[in-house]
Each structure stands twice: as structure tokens, then as C-alpha cells.
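Chains A and B supply the protein sequences, listed in that same order.
The opening residue of the first sequence carries number 1 in the numbering used here; numbering runs sequentially from there.
The opening residue of the second sequence carries number 1 in the numbering used here; numbering runs sequentially from there.
Just so you know, not all the hints are guaranteed correct.
Chain A side only, calculated, beta carbon under 10 angstroms to chain B, not exhaustive [claimed, not checked]: (1) Gly70; (2) Ser72; (3) Arg74; (4) Tyr83; (5) Asn85; (6) His118; (7) Lys125; (8) Ala133.
If you want the footprint, here are the derived chain B segments under chain A, 3+ residues with CB under 8 angstroms [unchecked claim]: (9) 48-54; (10) 57-63; (11) 75-85; (12) 128-137.
Keep in mind the hints are simulated off the structure, nothing from the lab.
Where a beta carbon is used, it is the ideal one built from N, C-alpha and C, also for glycine.
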Amino acid sequence: MDVEQAAEDLRSRTLSEIPRSLDRLIYLASMRDYNTGLYYHDGLASRFTQDVACEALADCHREAFSELVGCSLRELVGQMEGYINATHTCPRDFVTAWKKLEPYRVAVPVETDPVMAHFLFSSFKIALAVLEARLHSVPAEPAA
Amino acid sequence: MIQLIFFLSIGALLFASLFLLARRSARPEGGSGALVEARQALSTLQAGLLPADMVKRIFTQEDWEYVRSVAPQKVRELFMEERKRVALLWVDQVRAQIRSLRRFHRGSARFYARLNPRLEMELAMSFAALMGACSLLRALVYVGGPYAAPRMVGAMANAAARACKVSEESLSFLNAAQLGMLNSRPAGRAAL
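With the hints as constraints, model all of the structure from the sequences given.
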């Protein structure tokens, strides 16, 4: 019950401000300690407990992952464009970095079904190729 | 002398048989491990691999239509390659989980007196048919790509879902509390 309340609190206070599921996935993955796999959120832990906050963050992370997996490729490309704009990154730099580093691989929740994780990674790869092709069809802006 | 060799050979054979039997019984077939594995296979199939929206998501042609309309040939080829890989992975995973379930029902079912023999026979037939369908679908996807057999994908997913339901009914006498005891994890770590 506490976990459900904490998850609802997180959704209403924080996640509702993040419109895209891609952004939510990345945000929630960033709340996770890579050494332990546990999630930390000071505000949520102070209102509930550390264990409850951890469970609530994990639930919301799984939710964001499911939402993103449910998106069509067109929607995923749109979400990535939105993310690039929101982070004020140069699209070419973004595509190059994401193709090389594949940061989405560390953004999935633990114990995700391997087929679904692989499907999402594959969709990211294709979406990046679509974005890259789109960038190549647009001439680069001359350097200032 | 010949008699001595004969009796020694028989003795050695008996000893080898005893050793093999002892090794076999060291891994109890009806143990909780096999049961937990079967329940996990059921849960992976029912929650991860077989839900209609997931199957539709993997095999939908909507993504292909989109890529075909906006991307050049190179990206289209990448798309087909990637989707084929995912489709093959899906088939392999379904087959692996069904094999795991079949192993449980074939190897461990005799340890549970409350299993229904008629249901077990029905399951054995379903599993055999599903394994055959998986192999055929794999070959079709491998040769023809992810959209080679859309109807077969749907039919196989439905048949697998039905087999899972029968298997679940067959194992329903094992209540959640018993499984919870087998599966229990320390609190606070459930997020992992």
C-alpha cells in the first residue's frame, strides 16, 4: 500500500512534469545506483522510507519502459526528436554519441524480459538510423 | 579363471549402475527447483512473450510502412535485419519456455498425485504441436523475414497461451503461499 502511495506521489509531483516516456525512462534510470541496482530519491524517501521509495521508483521505471516499448517506431523517432530539443543538444552530436555509446542499454529496468529489452534496443538503433538519414538529407548549418 | 573374470565383470557393471542411480537421485526431479522453474516459464510466457499487444508490437507492419515511407534503402535493410533478429529471438524464447514447461510436466508430474492424467496427456500433445510449430515458424522467419508468416505467429501465440492456461490449471493446487515460500527474497531487494 505504501509503495502504491509513494508511486502515486512520484507520478503526481515529478513524473507528470515529464511528458515523454523516453525522458521518464532516462530520468528514472538515473535514480538508480549502478553498483547496487537500488533506486534513490531523497524527497520520496523522506516522505516514506528508503525501501518504499526504492520500490516505487522501480515500479514507475517498469511503467515507463512498458510505455516506451508500446510506442510505434514513428512515435519513438518523435520522442527522440523531442528529447534532443529538450536537452539542447546538436542533433548530429546526439546521433553520433547514441550510436557509439548506446546509453539506452543501461536505461532499462532490471529483470526486464530479454526479448522486450532487445526489441527496444533494436527500435532505438533503427530510430537513430532514421534520424541520421533525415539529418543527411538536410544540409549542415554553416559554422558561425 | 574365466568364471572369475565373468563375475568380476558383472560386479563392475552392477557397481557402475549403482553409481549412475546414485548420481541421478542426487538431483531430485520432483524438487522445488523444477517447480519454480515451471512457474517462471509460465509467468514469462503469460506476462512477457504471449500477450497479444506484445506479439503485435514485434510483428506489426506499421513500423515497416513508416520506415519504407521515410527512410532510404540502407535503413530499410537495417530495419528488416533487426526485426528478423527480434522475431527469431521471440520464437527461440517461446520455444525455450515451452520446453521448460514440458520438462516439468514430463519429468516431475509423477511426483504430484493431484495432477490430472487427462490434462497431462492434453498438455503433452499441445507441447509437441507447439514445438513443431516453433521450428517451422523459425525456419519461415529465417528464410522469409519477420513478416513471412503473420497468421502463423498469431495462431502459435494463441495455441501457446491456451497450453499455458491448461498448465496453470494443472498446477493450480499449488497455492501462492507455497510458491512464495519457494521464491522468497529478502525485503528491500525486490526492486532488483
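Legend entry - Evaluation of the interface hint that places serine 72(A) against chain B, nearest CB under 10 angstroms: Hint on serine 72(A): holds, closest Cβ of chain B at ~6 angstroms, below 10 angstroms.
Legend entry - Interface hint outcome for asparagine 85(A) [beta carbon to chain B under 10 angstroms]: With a closest approach of 19 angstroms, the asparagine 85(A) hint is violated.
Inset, instruction - Count the residues of the segment 48-54 of chain B whose CB lies closer than 8 angstroms to any CB of chain A, then report whether that count reaches three. - result: With 4 residues in contact (Cβ-Cβ under 8 angstroms with chain A), the coverage given for the segment 48-54 of chain B holds.
Legend entry - Per-residue hint verdict: arginine 74(A), partner chain B, C-beta under 10 angstroms: 5 angstroms, holds
Inset, instruction - State whether the coverage of the segment 75-85 of chain B by chain A holds or is violated, taking the criterion as 3 or more residues with Cβ-Cβ distances under 8 angstroms. - result: holds (count 6)
Legend entry - Restraint check, 10 angstroms cut-off on beta carbons, for histidine 118(A) near chain B: 6 angstroms, holds
Legend entry - Stated coverage of the segment 128-137 of chain B by chain A [criterion: 3+ residues, CB within 8 angstroms]: Violated - the segment 128-137 of chain B has 0 residues with a Cβ nearer than 8 angstroms to chain A, which falls short of three.
Legend entry - Interface hint compliance - glycine 70(A) to chain B, C-beta minimum distance less than 10 angstroms: With Cβ-Cβ at 7 angstroms, under 10 angstroms, it holds.
Legend entry - Hint check, tyrosine 83(A) versus chain B [nearest Cβ-Cβ separation less than 10 angstroms]: Interface hint status for tyrosine 83(A): violated (18 angstroms vs cutoff 10 angstroms).
Inset, instruction - Given that the segment 57-63 of chain B was listed as covered by chain A, double-check it with a C-beta distance under 8 angstroms for 3 or more residues. - result: holds (count 5)
Legend entry - Restraint check, 10 angstroms cut-off on beta carbons, for lysine 125(A) near chain B: 6 angstroms, holds
Legend entry - Per-residue hint verdict: alanine 133(A), partner chain B, C-beta under 10 angstroms: OK, holds: alanine 133(A) within 10 angstroms of chain B, min 5 angstroms.
Of the numbered hints listed earlier, those contradicted by the structure are 4, 5, 12.
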